[in-house]
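K.L.:
These are the residues of each chain, in order.
2 protein chains.
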Amino acid sequence: MYRTASRPRRTDAIFAATLDILAERGYDALTVEAVAARAGVNKTTIYRTWATKDQVLADALLESPSLAYEVPDSGCLRDDLMGVAGQIAGLLADQSTRRIIGAMIGSLPDRPATAAATSSFFVDRLAREQIIFQRARERGELTDAADPDMIMNLLAGNLWFHALIHSRKVDDTYIERLVDTILHGVIGPEAGG
Amino acid sequence: MYRTASRPRRTDAIFAATLDILAERGYDALTVEAVAARAGVNKTTIYRTWATKDQVLADALLESPSLAYEVPDSGCLRDDLMGVAGQIAGLLADQSTRRIIGAMIGSLPDRPATAAATSSFFVDRLAREQIIFQRARERGELTDAADPDMIMNLLAGNLWFHALIHSRKVDDTYIERLVDTILHGVIGPEAGG
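Just so you know, the sequences run in chain order X and R.
Oh and the first sequence: position 105 is 105 in UniProt numbering, straight run, nothing missing.
Oh and the second sequence: position 155 is 155 in UniProt numbering, straight run, nothing missing.
All the pointers check out, no bait thrown in.
A pair counts as met if it fits within one copy or between any two copies, since identical chains are not told apart.
The calculated SDA-like cross-link candidates involving lysine to any residue, where the alpha carbons are at most 25 Å apart (straight line), are:
id, residue 1, residue 2
1, K169, V71
2, K169, A127
3, K169, R125
4, K169, D144
5, K169, F122
6, K43, Q55
7, K169, M82
8, K169, A145
9, K169, R78
10, K169, M150
11, K169, S120
12, K169, D147
13, K169, P112
14, K43, D28
No lab work stands behind these hints: they were computed from the structure.
Here chain X stands alone, though its shape is the one from the complex:
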């Protein structure tokens, strides 16, 4: 995160403008000038806190209410993961979020700063999700060997293919099947070649 202790005036408007421009017109159209104009602030207001558009973008991704989701606390790992999966599916069904993802992934290969912003978005998500796995370990549902990063990348990665690439419906039955496959495996713990 690049913001200083004192946030600039109209920070929420700056973040909203950043994501709106990205979703509507793509990464190339995203400039500090365009963000300032849309947010109704002087561009020096932005530059005082963020040196580049990728720094504004990184913080906008982390803090925007439109991308936020609540970390569930159902009392059981399976229901918590189903709750997380449902919220990811909800984000992936939103056309504006799909455009933001498209713009970010499209910019990954050649723009290290965008790649860093994208990665840090998911690192931040995982940090906030750690409590799910900590609680599951405390309840004895999960051993210390289980890797939250691996689990979340299976969950989110599958949903990206299912919902984003194949545009298939993600209903409760699918989410249940997905979470159960991750928890219990395809062949179970003993069998195998």
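Given chain X, put chain R in place with the hints provided.
P.N.:
Showing chain R alone in chain X's frame:
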């Protein structure tokens, strides 16, 4: 697939030009005219077989040697999946493939034809991978309930997050851990909340 029984002259060059333009200059720069010029054919040669650039693109994705991979036949599901994962990781490590993926995902939300081409690429992959799961069922490694589509989207989805979004290294140890998590699950078949 859009190609007719008789393929046009220089089809390989047309496919290579299509993917090269996409990787180097992005989706908007991809036109039938640009492909024709780069492949050294008349654009009517292309239009005789493919009505739109998305149709050429769909077939180029399916048939290009640069995106091809071999379906392993090791005699055991775990090794087959590790072989597939290793090849996916290899493709994701290639800068040209990363740019093609970026251009495709970036075009998904607003271009149904590109979305269809992207989806059909992965549908075709899965069709070719079915033999892995058929053999595993014949060997008694996998029950009929196991869903190859679910398995492949877990495998590829995780690798997309790990290698593409986070730019992390995918070595044999990681692939082994990933495949074993998919096969055996995070908590096994009995425990759970």
